[in-house]
Structures are given as C-alpha cells and as structure tokens.
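Trainee: Each chain, written out:
Protein chains: 2
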Amino acid sequence: MAIRIGILGYGNLGRGVESAIAQNDDMELVGVFTRRSPESVEIRTPGVTAYHVDDLASKKDDIDVLILCGGSATDLPEQTPVFAKDFNVIDSFDTHARIPEHFANVDAAAKEGGHIGIISCGWDPGMFSLNRLYANCILPEGSDYTFWGKGVSQGHSDAVRRIDGVVDCRQYTIPVDAAMDAVRSGSNPELTTREKHTRECFVVAEEGADLARIESEIKNMPNYFADYDTTVHFITMEEMKANHSGLPHGGNVIRTGVTGLDKEHKHVIEYKLTLDSNPEFTGSVIVAYARAAYRMNKEGMTGAKTVFDIAPAMLSPKSGEELRAHLL
Amino acid sequence: MAIRIGILGYGNLGRGVESAIAQNDDMELVGVFTRRSPESVEIRTPGVTAYHVDDLASKKDDIDVLILCGGSATDLPEQTPVFAKDFNVIDSFDTHARIPEHFANVDAAAKEGGHIGIISCGWDPGMFSLNRLYANCILPEGSDYTFWGKGVSQGHSDAVRRIDGVVDCRQYTIPVDAAMDAVRSGSNPELTTREKHTRECFVVAEEGADLARIESEIKNMPNYFADYDTTVHFITMEEMKANHSGLPHGGNVIRTGVTGLDKEHKHVIEYKLTLDSNPEFTGSVIVAYARAAYRMNKEGMTGAKTVFDIAPAMLSPKSGEELRAHLL
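Just so you know, the sequences run in chain order U and X. The opening residue of the first sequence carries number 32 in this note's numbering; numbering runs sequentially from there. The opening residue of the second sequence carries number 32 in this note's numbering; numbering runs sequentially from there.
Same shape as in the complex, but just chain U (with noise of 0.2 angstroms):
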C-alpha cells in the first residue's frame, strides 16, 4: 500500500512536492489543503482534489504524512507544531536563529501525539547542512565553506520588489570563482562576504521612476546588498518573461582539512549541487524524508527530527539487501 501523502500550500514548493510524488511509485498524493478557497485551486494531478485546511482535522486516518509547504516566517513556527500533534509532519524551516525554538515545539506536540516532526528539510537547511556534518567528522581540524548560486534568492528578489517604483525583479546570487578556487586549493582563505558572492538584479519599474535612486535604494540596502557588489539591470516586463521566469539554484559545499602525524596531508570535500528548479528539488528532497518520517514512526520512533537523526536507508524504498548489493 502507498504512502498517503498531505500538501499544504500549493505554492511553488508544493507544486514540487507533488512532482515529486509522482517520481516515486510507493506515494500517493491524497489531497491538496489549502487557506484558499477550494475552488479557485486547480491541482495539476489527475483526480487529486483541492481542500481547505480546516478539512485536514477530518483527514487524521487518511493520511500518513503531511508535508507542510508554507513560509518560515509566519506559517510553519505555527502550523508544524499544531500538526504534529495529528500527523506525521515534514517542513522546511529555514530561519536558522529559529530552529531551537520550532525543534523544541514541534519536539513536544510530535511526542504527544505520538508523530514524527521533521524539520527544515530540503538542501539548505538540509542536504547542505548533511554534507557539513559529515565532512566535519571526517576531518575534524579544517574549515568550511558554503557557497551559494548561481541562482535565484526569493528573499533577494523580494526586498527588491519592495522598493518605490519597482514593479518586479529577480535576483541572482553568484559565487565568486576566484574564491571556490583559492577554497579547494586547500590554503584556507579568509573571505569577506564580498569576496565570496556577487549579486545581480533584474529590475523591471514603473514607467517613468528614477532608475538611479532605485539602482542607489539596491546596492546599499543592509543587510540584502550593502555588503555585495551588485549589478543591477533594468529591463522590460517581457524580458523578465521570457528570460527569467525560472527558479534555477544551488552551490557548493566544501571543507578542507589535514590528516597525518605532522598534518601532512591535505583533502578537499566537496557537494555541489546544479539545479534547474529549486523548489522541485527541494520537494524531492522532503518527499524521500517523507518516507523516512512514515517509516520511523512505523518503527515506533516519535519526536522532532532533522536530517542529523536519520539513517540514509530509511529514505529508499529499496531494502537494505538491495541497498548493499547495488549501491554499497
């Protein structure tokens, strides 16, 4: 029997996850919850139907796992907790100042309701944050590096949108070359945010703004740009169609260190990941935790979890025979 999956939020993370299911045949997607109304929802999924999210309290036997695929901000701090005490929940929880406070939440409401809660699942947090682990036992004297891009920052494109007489933008964080390559040479850098990313805006403003002030209220807006160089373009409302319109993403993940008597010896880790679309892989990623998280709690397992505290396994469908004969 498949594993009954949940999406709540069909934004472009859900729209991944339910991709997502349909690559994996032991998933079936149940229903789409939604804050909006059902009927404005259309689901790309034959016969899977679009629900308000007050009919998951109905939902409770129906589904094994609910992937919960709102925003950081407001939505998860409140909904993975609340859910977790009724399914076996998954989000992907990014504020990272945040994160004991959500694992202890969900921690709590996930032990007594008897579920698995896992937290900020994805590929940063979360296949990211895996590769840092790892690297870091194995070489416990080195340092570590995350490089992000090229790619889209939502977050990025948004303070941007905020700005007086912007219409829309998309903003591309971009690693800096020089610095991966200094970093893997194993000479451990020290490297200024403006040494190990670019940024670059596509701007597209109201007709007849002040484009300097705008391109001015970009580079030196804290915490976003003034600590970057940025370039910024502006262009027509159909460029940024038919030129940005994906959610392409990803980087690098490195850590370099020294092994032997004398730390002799020098080893470069490195994960890199180049993704077409962030969300879609993002969904992948919580899909096969999804069924960690089923199995686990099949286990007898309950409680808040991150991809620290499961065992690769318990994401394939495959069994551990198969797992040794063919991927070992």
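Treat the hints as calculated values from the structure; they're not laboratory data. It is possible that some hints are incorrect.
For identical chains, the list gives no copy identity; a pair is met inside one copy or between any two copies.
[To be verified] BS3-like mimics (lysine-lysine), calculated; alpha carbons at most 27 angstroms apart, straight line:
no. : residue 1 : residue 2
1   : 303       : 181
2   : 303       : 349
3   : 250       : 181
4   : 329       : 294
5   : 272       : 294
6   : 294       : 116
7   : 303       : 227
8   : 227       : 90
9   : 294       : 181
10  : 142       : 329
11  : 227       : 116
12  : 349       : 294
13  : 90        : 116
14  : 303       : 116
15  : 250       : 272
Please arrange chain X on chain U, whose structure you already have, making use of the hints.
Mentor: Same frame as chain U, but now just chain X:
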C-alpha cells in the same frame, strides 16, 4: 571518558587510523595488535604498545571498538566475524561481490556477542556509497556515474609488480575530463570503460629487462588494463622514491536526474574528494564511524551495519543541540 580503540593491523590503513585517533579528543588508542612479532613493530604514538593478535583475547574489557585494518581478500572475511563476537568492530571490506555474505557472517557473530559490526567503511565503499544512496533517493529518475582519481590504485600497482622483470610500480587511475563534463551537462552519456578513465604506470624494471615485453604485458593484462588506454613510463628507483611515494586518491560521484510533471528540469548532484593520503582519509572516516559503533551499542543496538544504517549525528562528538545550532 574517552572511547578506547584497538587497531588490528599496522600497515598503511592502520597508521591512517592511528593518526585520525590523535585528531579526536574523545578517542584513545589503547593498543595496536599485529600478527608480526610485536617487538619488531614500532608504534608512532607515544605510550602505545604493540601486542600480538593473540593478546586480544585478554583485552575484551579494555577496548570499546576494535578497528580491523587488514585486507579484504583473506584477512577481513575471517577476522571481522571472529572478533565481532567479543568486540564492537569496524572494517573497510571492499570486495563488492562478497558483501552480502560478509554482512551475514558479521551480523550473526555480532548479534551473538551483543556487539555492533560496521562493514565496508571508508570512502568507496563508504562516503561514495552514501552519496549514491542520497542522490538516488532524491532523484529517482536519473543516472549514476562514479569516477576515480587521479590517484594511486594499489591493486593495479601490485598487478604490475607481479610481472617478470618489474621491481616496482605505481599505477595512477585518471578520470577523463571530457567524460565528466559530458556527465555534468545532464546529457546522460553511455560511457565505455575506456572513455571514463585512463591509466598511467610508473615502472622500475630490472636491469636488462625487456621493456617492450613488460609494456605489452601491462597494456594487455585482462581486467586490469586491457580495457583502458594505458601509458607506461620506465623510471629509476630514485625517481620512484622522489616523485611517487605518496598515496593520493579521490574521485567524483555524480547523479543527474530530472524533475517536474513533464520531466522538464535537470539537476546535477556531485560529490568530489581530493585526497593527499588515501589511507589517512579512509582511517578518518573509519574513526568517525567507530564513534557511531560505540554509541549505537551503548544504546542497545547489535548486529552488522553499513554507512546506510547509521544516522549522521551518531558520527559526531557534538550534541544534537550543538549540531542543530551550528551545522544545520
């Protein structure tokens, strides 16, 4: 109290494990065990004694994890099940076809003795296997590629040394850049053995040996060289010592796959190792997993395990709180 480690076998890997233990504050090397005469073995770590392997029988209470550093051909198939009865053990068994049998033997012995027996730990099998597994679970529709090198293959070096007239050999396995680039493009190339790697041999021959015959015997050796483009260089013993005394290695595990309801988005997951010292890096992986063996056994688990079965957090000396705060 530190985790007390014993090493069985003091070749390249045993020494690599030794130096890794010195880099982990929560680990203590309590003894090196050897089939040689212990008096003939000089242990590099101050204060550590060499014992005969037969002395292990009296050390059951002094060792938390015994790390087996013998070879896969004859040592480990015998040793790992035998010692799993009395110790938590870990090995780097890498004879792929015999893993199911070895796993079963170690599982039975470890369960009988109430211990954990981790097999096939290192980087391949080991970290490369893990990356194949994670990437397959995330991208169920895709292709796997593993490239090795540039690095020294001990098996191929040994095979050349067995040729009449050869005094010494160092064989480098070299991945073909064009093949890796084709893979990274997402074009899913079908690559022959010859297209993926080349082989380069540095050979010291006996004085007066027939070099043309040696070169021909190397290039036509079945399984080892016949399917590859191989280059042979004859060098002096002085050059061998000066330029080829290290044991570098590494490689790339790449999975490419598609997502989207119409499979319209490509993704590339790549894991790359660049290692100055193959045995020290392998030893470093094994020592991290020795920590996991100790902890899993403390939690009441027994039986054979591989890297697939072990939650990543088990490898780290840090607490779950610390890991979530700093690496997630």
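Trainee: Now, for every hint given, state plainly whether the structure supports it.
Mentor: A quick look at each hint next to the structure:
1. Proximity of residue 303 to residue 181 under the C-alpha cut-off of 27 angstroms is found in both arrangements, the shortest distances being 12 angstroms within a copy and 19 angstroms between copies.
2. Within a single copy, residue 303 and residue 349 get their C-alpha atoms as close as 25 angstroms, and across copies as close as 25 angstroms, so both meet the 27 angstroms cut-off.
3. For the homomeric pair residue 250 and residue 181, the shortest alpha-carbon distance inside one copy (19 angstroms) is at most 27 angstroms, but the shortest distance between copies (43 angstroms) is not.
4. For the identical chains of this complex, residue 329 and residue 294 are neighbours neither inside a copy (46 angstroms) nor across copies (32 angstroms), given an alpha-carbon limit of 27 angstroms.
5. Taking CA atoms no more than 27 angstroms apart as the test, residue 272 paired with residue 294 passes between copies only; the shortest distance there is 21 angstroms, against 53 angstroms inside one copy.
6. In this assembly of identical chains, the alpha carbons of residue 294 and residue 116 never lie at most 27 angstroms apart, being 50 angstroms within a copy and 35 angstroms across copies at closest.
7. When the C-alpha separation of residue 303 and residue 227 is checked against a cutoff of 27 angstroms, the pair qualifies both within a copy, at 16 angstroms, and between copies, at 20 angstroms.
8. Taking the shortest Cα distances, residue 227 and residue 90 never come within 27 angstroms of each other, neither inside one copy (47 angstroms) nor across copies (52 angstroms).
9. With identical chains, the CA atoms of residue 294 and residue 181 are at most 27 angstroms apart between copies only, with a shortest distance of 21 angstroms across copies and 34 angstroms within one.
10. Within a single copy, residue 142 and residue 329 get their C-alpha atoms as close as 14 angstroms, and across copies as close as 23 angstroms, so both meet the 27 angstroms cut-off.
11. Taking the closest pair of Cα atoms, residue 227 and residue 116 never come within 27 angstroms of each other, the shortest separation being 42 angstroms inside a single copy and 51 angstroms across copies.
12. Taking identical chains as interchangeable, the C-alpha atoms of residue 349 and residue 294 lie at most 27 angstroms apart only when they sit on different chains, with a minimum of 23 angstroms there against 40 angstroms within one chain.
13. Taking identical chains as interchangeable, the C-alpha atoms of residue 90 and residue 116 lie at most 27 angstroms apart only when both belong to the same chain, with a minimum of 13 angstroms there against 49 angstroms between chains.
14. With identical chains, the CA atoms of residue 303 and residue 116 are never at most 27 angstroms apart, being 36 angstroms at best within one copy and 41 angstroms at best between copies.
15. Within a single copy, residue 250 and residue 272 get their C-alpha atoms as close as 24 angstroms, which meets the 27 angstroms cut-off; across copies the closest is 56 angstroms, which misses it.
Consistency note: the structure conflicts with the earlier hints numbered 4, 6, 8, 11 and 14.
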